[in-house]
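Spelled out from the first residue to the last, the chains are:
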Amino acid sequence: MGPELRSWKEPHRLVLIGIGIGIILLAAVTMRWDWLPRYSWRLVEGVGTTLWLLFLTSVMGFMLAVPLGIAQAAGPWWLAGPARAFCTVIRGTPLLLQLWLLYYGLGSLFAQYPEIRDSWAWPYLRSAWPYGVLALTLSFAGYEGEVMRGAFAGVPKGELEAGRAYGMSPWTSFRRIWLPRAIHRALPTLAGETVLQLKATPLVATITVVDVYAIISRVRQDTYLTYEPLLLLALIYMMLTGVLVMAFRWLEAKVPVKGG
Amino acid sequence: MLEWIAGLASWELLALEPPGWGGVLLKGLAVSLQVAVGGYLVGFVIGVGGATGKLYGGPILRDILDVYTTLVRAVPELVLILLLYYAGTDALNKFMMLIGAGPMDISGLVAGIFVIGVVQGAYQTEVLRGAFKAVPHGQIEAARAYGMSSPQVLRRITLPGMLPHAVPGLSNLWLIATKDTALLAVVGVAELTLVTRQAGGTTKSYFLFFCAAGLLYLMVTLISNVVIRRIERHARRGMPAVR
Numbered sequence: 001m002g003p004e005l006r007s008w009k010e011p012h013r014l015v016l017i018g019i020g021i022g023i024i025l026l027a028a029v030t031m032r033w034d035w036l037p038r039y040s041w042r043l044v045e046g047v048g049t050t051l052w053l054l055f056l057t058s059v060m061g062f063m064l065a066v067p068l069g070i071a072q073a074a075g076p077w078w079l080a081g082p083a084r085a086f087c088t089v090i091r092g093t094p095l096l097l098q099l100w101l102l103y104y105g106l107g108s109l110f111a112q113y114p115e116i117r118d119s120w121a122w123p124y125l126r127s128a129w130p131y132g133v134l135a136l137t138l139s140f141a142g143y144e145g146e147v148m149r150g151a152f153a154g155v156p157k158g159e160l161e162a163g164r165a166y167g168m169s170p171w172t173s174f175r176r177i178w179l180p181r182a183i184h185r186a187l188p189t190l191a192g193e194t195v196l197q198l199k200a201t202p203l204v205a206t207i208t209v210v211d212v213y214a215i216i217s218r219v220r221q222d223t224y225l226t227y228e229p230l231l232l233l234a235l236i237y238m239m240l241t242g243v244l245v246m247a248f249r250w251l252e253a254k255v256p257v258k259g260g
Numbered sequence: 001m002l003e004w005i006a007g008l009a010s011w012e013l014l015a016l017e018p019p020g021w022g023g024v025l026l027k028g029l030a031v032s033l034q035v036a037v038g039g040y041l042v043g044f045v046i047g048v049g050g051a052t053g054k055l056y057g058g059p060i061l062r063d064i065l066d067v068y069t070t071l072v073r074a075v076p077e078l079v080l081i082l083l084l085y086y087a088g089t090d091a092l093n094k095f096m097m098l099i100g101a102g103p104m105d106i107s108g109l110v111a112g113i114f115v116i117g118v119v120q121g122a123y124q125t126e127v128l129r130g131a132f133k134a135v136p137h138g139q140i141e142a143a144r145a146y147g148m149s150s151p152q153v154l155r156r157i158t159l160p161g162m163l164p165h166a167v168p169g170l171s172n173l174w175l176i177a178t179k180d181t182a183l184l185a186v187v188g189v190a191e192l193t194l195v196t197r198q199a200g201g202t203t204k205s206y207f208l209f210f211c212a213a214g215l216l217y218l219m220v221t222l223i224s225n226v227v228i229r230r231i232e233r234h235a236r237r238g239m240p241a242v243r
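Protein chains in written order, with the numbering used here: chain E, 1 to 260; chain B, 1 to 243.
Think of the hints as simulated: they come from the structure by calculation, not from any bench.
Check the hints yourself; a few may be wrong.
[As the list claims (entries may be wrong)] SDA-like, lysine to any residue: derived pairs with alpha carbons at most 20 Å apart: (1) E/9 / B/61; (2) B/133 / B/144; (3) B/94 / E/224; (4) B/94 / E/180; (5) E/157 / E/180.
Could you build the full structure based on these sequences and the hints that come with them?
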């Protein structure tokens, strides 16, 4: 991951950093950035929406992934089969297609029924974000469910048998041994999955959810600029990824991950 | 509910001939597969070059490659595709102007292959670099000691040795490439996802068409999985089985 930290003070690095700063300065001087102050607040709000989407869908997706993992690792065939099929379908089709299936497909189906149109849920079902949240959650659950399957299957049998020898009921040994050990084993993959999830969030802008990507699209429409907004957007995502990676590194240092 | 089932059952919409949209979907699938294969191969060329550069290149080349792989992996594919699509076609047009030719109409197909290739290249660089490094150094030294030339070492020791380590990562990237082609819908390349939305929009049977397209993508993945398993078994022959 990333450049290994030799030293940034090596002479060729200083030259490269100089060139990098030069390019940034050149971009700042020669390109048009006068739109930035007008949109800065909306951009901050967009970043907030993106992060909120990321947090919400990752947490809900992970909560779905745990039962999906158990079902595949130890469930009876009538649970394991559907769980495996779900993970295969989610992982085997593009997220954009799933998103559009839910938004256009389900959305247009709902609109056909007056009972649904008159219900309390209609204002929500008519807006785009529930479909975005649902698609991102299912996607995270599908990918992480596969990871959890391996994590549950990889917990040493001896530990579970030891729990039973201590007189724990199946539920107690699940709660005290199996689940915590499986989550522990899955933790190292969580950082990567969350970064992937962050990179998936801009897709919801295609169904009119207003995240930071949508704000930038708006800027592009208003100002007829092509590169400036997109470059800023790339920079924003790079910073978000960097912060995420560092946060997970900090978290992993707190939790002893090795020895799983 | 009855309406819904009737809507689902309007299978004649999927007919291959023009009143039906089946042929359009299959053509979209062909475009998707072309972009995926092309982009994957471009990515492989970049990946081999990038991995070699990262392992044997000078400090400047290594740093530049680090910047490339880090940048590409930190920015959403959707944003990269937009940036590279516009920048790529722009740069080519400027170049054509410079040599005096008129602006060229770049097909979405070629632009898509270029974009997917640049993205895949960054990931494949990392996979191949890891696989190169997994070959025990002693084996390469032994081959040298036997008097093998560098190409011989590459052909007889390094490539067969790295293959079992590279295949899982590379096959995963192939599956990602097939799915990333869907993002080209956003820049208007007529691949499977975009033509599916057009079909749905025209006929209002979104559900039917998106499910049909999903099945097509799923078939690509499942068939790929069968082939990948065969390649993996071949690459890992003589090695202990993994769980």
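Hint-by-hint comparison with the structure:
no.	hint	in the structure
1	E/9 / B/61	17 Å, holds
2	B/133 / B/144	17 Å, holds
3	B/94 / E/224	19 Å, holds
4	B/94 / E/180	58 Å, violated
5	E/157 / E/180	14 Å, holds
The structure shown violates just one earlier hint, number 4.
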